[in-house]
Amino acid sequence: MTEIPNTLNYMIAGFLVVVVGTLIYIGSLIARWKKYSKLKVELENLLDHSKQQQKGN
Amino acid sequence: MNMQIPKKLKILDWFSFFLILFTCWLIFYKTPVEMNMGLVQKIFYFHVAYAWIGMVSFLVAAISAIIFLRKGLFIYDAVTESAVEIGLVFTLIAIITGSIWARPIWNTWWTWDPRLTTTSIMALIYAGYLFLRGSLDNPEKRRKITSIYSIIGCLSVPLTFFSIRGVRSIHPVVFGGDTPDFNMDSQMLRTMLIAIAVFSIFYIAVMWHRIRLAELKEEIEQLKLTSEEDHD
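Residue numbers (the working numbering), protein chains in the order written: chain F, 767 to 823; chain C, 111 to 342.
One chain only, chain F, in its complex shape:
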């Protein structure tokens, strides 16, 4: 009977690549979402401020 080769380390490495790669991408989506949400609020505030200034003039 042939022995099953011991390839456990390669399996762990492959599994880590899948998990870490996927988590990094999800993390990048969350980071970009937060960045753009903040930027949107800032731009909206800027626009509101400039509209109020125009009304005041």
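Don't take each hint at face value.
In silico DSSO-like pairs for lysine-lysine, Cα to Cα no more than 27 Å straight-line [claimed, not checked]:
1. Lys334(C) / Lys181(C)
2. Lys801(F) / Lys120(C)
3. Lys251(C) / Lys327(C)
4. Lys801(F) / Lys334(C)
I should point out that these hints are in silico values taken from the structure, not numbers from a laboratory.
For this one, chain F is given, so just place chain C on it according to the hints.
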């Protein structure tokens, strides 16, 4: 645009998360260990699912690009951009896991086999798409040029898929192949199909999030334009 994550998307997120856990349980506890390769063969279930979804994603990008060129609606461009980005991530993970799998089986990390070569070319083509997109400032021009690019780039998908069929290759043919030393039993085949289905659901969830991000980016571009007009 509503900044809150829609309830349906939240449900889809959790649903795909639990399905992935279930698939991992199937892979590691319920599927038998392959006799010739040992435990490394378990990478196969992720590798095939990621490679398959990567190619499907590039097809989605091309179809969406065609619709965008016909209708000119922003949402189709957002779908193309999202599908290319996610497809590239999935493809890169498939390439790396394939390389790790190859090391103990082929005794090398990399070989210029037709499948490996065409997959690398496909990944480079779509990396080029993202660079091109980032380099064009005019939104209208950017959308049109990158749509045409993704349609032409899609030619690499069938080239990759058929690269191991009818030519000499050491890469096993999973779908409809008769590769020696690559005989899956029914449990392995079932797990592989479940993994593909589960990661497809996960792909839909990620696509939804990525499209929402593209919409948010578009809103910011519009706000910037309004702000510039106000200053003028």
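For each hint, the structure was consulted:
1. Lys334(C) / Lys181(C): Measuring from Cα to Cα gives roughly 25 Å; hence the hint holds.
2. Lys801(F) / Lys120(C): Given pair Lys801(F), Lys120(C) holds - Cα atoms ~21 Å apart, limit 27 Å.
3. Lys251(C) / Lys327(C): holds (17 Å)
4. Lys801(F) / Lys334(C): Given that 27 Å is the threshold and the Cα spacing comes to 15 Å, the pair holds.
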